[in-house]
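If you're matching them up, the sequences are chains A and B in order.
The letter at position 167 of the first sequence is residue 167 when you use the numbering used here, and the numbering goes up by one with no holes.
The letter at position 141 of the second sequence is residue 141 when you use the numbering used here, and the numbering goes up by one with no holes.
Honestly, the hints are just simulated from the structure, not real lab data.
Keep in mind it's a predicted model, so treat the numbers as computed, not measured.
Hints may be right or wrong, so weigh each one.
For lysine to aspartate or glutamate, the following EDC-like pairs were computed, each having C-alpha atoms within a straight-line distance of at most 16 Å [unchecked claim]:
| # | chain 1 | residue 1 | chain 2 | residue 2 |
| --- | --- | --- | --- | --- |
| 1 | B | Lys41 | A | Asp223 |
| 2 | B | Lys261 | B | Glu147 |
| 3 | A | Lys25 | B | Glu222 |
| 4 | B | Lys41 | A | Glu226 |
| 5 | B | Lys261 | B | Glu222 |
| 6 | B | Lys261 | B | Asp152 |
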Amino acid sequence: MSVLQATPPRRTRNEIPARAGVGLKAPHYRTILETQPDIGFFEVHAENYMGAGGPPHRYLTEIRTRYPLTLHGVGLSIGADRPLDRDHLRRLAELVVRYEPGLFSEHLAWSSHGGLFFNDLLPVPYTLQTLHRVCEHIDQAQEYLGRQMLLENPSTYVAFAESTYWEVDFIAEVARRTGCGLLLDVNNVYVACTNQHWDPTRYIDQFPLSHVRQIHLAGYARDADERGRPLLIDSHDRQVDEIVWDLYARTIEKLGPTPTLIEWDQNLPEWAELQAEATRAEAVLSGQRQNDEMSRASLG
Amino acid sequence: MTRCLVRPLAEVQREFAAALRDPDLPIPADCVDPDGCPDTKRFAVYRNNVVSSLIESLGESYPAVRRLLGEACFRETARAHAAQDLPRSPVMLEYGAEFPAFLAQFEPLADFPYLSDVARIERAWLESYHAAEAAPLDPSALAGVPEHRAGDLCLTLHPSVRIVQSSFPALSIWHMNIGDAAVQPIDLEGGGEDALVARPEAEVQVRALPAGGALFLAALAENECLAKAAERASESCPEFNLTDHLTGLLATGLVIAGRLKRRRSRGH
C-alpha cells in the first residue's frame with residue numbers, strides 16, 4: 001500500500017474560482033504547505049507529474065487537499081499532423097482521475113514529429129487543413145478524457161505564408177466546431193500581436209470571449225528580428241509587463257471575473273514575489289466584481 | 001480547374017522539424033515575417049528554444065556534472081548531446097538517460113573518465129526520486145521461514161533501488177559537488193566506490209555499499225534467491241556476510257516482498 005493511499009483525499013471542490021492562481025513549482029512546495037497562502041488555485045504542468053511516484057506526487061496530493069487545481073498540458077502536440085500519442089492521452093487521463101483538476105488545457109501548437117519531441121510549442125499554418133486536424137485531435141482528447149478541454153492561443157515568432165485564417169478566426173472556428181473552451185493567454189496575445197504586427201486591442205475585442213474559461217499572465221523578453229523590429233519572446237522568466245496588465249484589465253472588463261493564472265517557469269523568484277503578482281491580478285478581479293455589483297444595483 | 005496550392009501539413013512540419021534540428025539548413029520558405037519575407041532571426045527563436053530548453057533540462061538533472069564542468073563547458077557538452085539525442089517522449093523527466101553513456105565517449109572530456117560514473121549516480125538519483133511508492137516488508141513476515149529454507153528466499157527490492165558501481169571514487173566526487181559542498185582533493189587512484197540509491201520514504205538516500213553489496217543487490221534484482229545472490233557476492237568478496245547485508249536491507253525498508261523459491265521435485 002502506498003503512502004498516497006494511506007491518506008484518503010478529502011478535497012476542496014474542483015470548481016475553479018474566478019480568482020488568481022499560481023503555477024506550482026517544486027521549490028515552493030514546502031513554503032506553500034507551511035504558510036498555506038490565500039491563493040485561488042494552483043496549476044501544474046501535467047508532464048511534470050508523469051513519474052510513477054515520489055515527492056512530486058506526495059506534495060501535489062497534499063496541496064490538492066487544500067486548493068483547487070488546474071492541469072496544463074505542454075506535450076500533447078495537438079497541432080501535429082500525426083495522430084495523437086495514445087500513451088500520452090492515457091497518462092493525462094490517469095492524472096485527471098487522480099487529481100480531479102477543475103480545468104484541463106493544452107496549446108494550439110505542435111511539439112512532436114517523427115518520433116522526436118522538441119520541447120517547444122511550435123506554430124501551425126492557419127489553413128482549413130490544419131483546422132480539420134486540430135478539431136479531430138481536440139474531439140479525440142475530449143472524448144478520451146471524458147471532459148471539455150481548453151485550448152490556449154499561442155505566442156508566435158513567424159507566420160506561415162499559406163495561412164488563410166487570422167489566428168483569432170481560426171481559434172473561434174475550432175471552439176465552435178469542437179465545443180472546447182478557451183484559455184486566453186494575455187501575454188501571448190501581446191507577444192503575438194507585437195511579432196505579427198496586429199493590434200492587441202482588436203485581438204481581444206474579436207476573440208470569442210464567451211468560450212474563455214481561464215486566463216494566463218506571464219512575463220516576456222525583448223529581442224529584435226533581422227530588420228531590427230521588436231521581437232518579443234514568451235519567456236515566463238519575469239514579472240508580467242505593465243502593458244500586459246493593462247490589456248488584462250481591459251479583457252476582464254469585457255469578460256467579467258475569470259480564473260487567472262500567473263505563470264513563471266524560468267528564473268524562479270521567491271514565493272513572496274509570485275504571490276505579489278497573484279495579489280495584483282486578484283485586485284483587478286475584485287475591482288471588476290465590485291463594478292459588476294454596482295451596475296447590477298443601479299439597474300435593480 | 002483547381003490546383004492544390006496548399007502543401008500537406010505533414011510536409012510543412014517535416015520541413016520545419018528538419019530546419020529546427022539543423023541550423024545549417026535554410027529556414028522553411030513559408031515561415032515569414034509580417035511582410036511575407038523570410039527572417040532567419042525569427043526562425044532562430046524556435047531553434048534556440050529547443051536547444052536551450054534541453055540544455056536547461058539536462059542541467060537540472062545533472063547538477064554535480066554541471067558544477068564539475070563549469071557552466072560554459074557544461075552548456076557546450078549538453079549542446080553536443082542534444083544534437084544527437086533529442087527527447088523521444090513528451091515526458092521530459094525521462095530525458096537525459098543516455099547522457100552518462102554520452103559522456104563516456106565524448107572525446108573532449110576524455111581526460112575526465114569519472115564524469116560518466118558521477119552522471120550515472122545523478123541519473124540513478126532522478127529515477128529513484130520518480131520511482132513508484134511501495135511499502136517495506138515487515139521483517140517479522142519472514143520469521144516463519146524455516147532456517148534450512150532461508151537460502152531459497154527470493155526478495156523483491158523497493159522500486160526506487162538503484163546500484164551504481166564505479167572504478168573511481170565517483171560517490172565521493174558526487175557528494176562533494178551537490179549543493180555548495182566544500183571541495184577537497186580526491187585521490188582518483190584510491191579505488192572504486194559502489195553507491196546505493198534508494199527512496200524507501202519521502203527523500204532519496206545515497207550511500208556507499210560495503211564490499212560485495214553491489215553484486216548481492218544486483219543478483220537479488222535479477223530474482224536470484226538469497227543463497228545464489230550470496231554466492232555471487234562471495235565470489236569476488238570472500239568476507240561477504242549474508243546476515244549483515246540482509247539485516248541492513250530489511251532495516252532500511254528496501255525489501256517490499258519475499259517468497260520461497262519452489263524446489264524442484266525429485267524422482268522424475
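With a cut-off of 16 Å on the C-alpha distance, tell me whether lysine 41 (chain B) and aspartate 223 (chain A) pass.
The hint holds at about 10 Å.
Does lysine 261 (chain B) pair with aspartate 152 (chain B) here, judged by a C-alpha cut-off of 16 Å?
Roughly 5 Å separates the two Cα atoms, so the pair holds.
For the pair supplied as a hint, lysine 41 (chain B) and glutamate 226 (chain A), is the alpha-carbon distance within the 16 Å limit?
5 Å, holds
Is lysine 25 (chain A) within 16 Å of glutamate 222 (chain B), Cα to Cα?
37 Å, violated
For the pair supplied as a hint, lysine 261 (chain B) and glutamate 147 (chain B), is the alpha-carbon distance within the 16 Å limit?
Since the Cα atoms of lysine 261 (chain B) and glutamate 147 (chain B) sit roughly 14 Å apart, the hinted pair holds (cutoff 16 Å).
Would the pair lysine 261 (chain B) and glutamate 222 (chain B) pass a check requiring their Cα atoms to be no farther apart than 16 Å?
Distance ~13 Å between lysine 261 (chain B) and glutamate 222 (chain B) Cα, so the pair holds.
Against the hints set out earlier in the document, a violation occurs for number 3 only.
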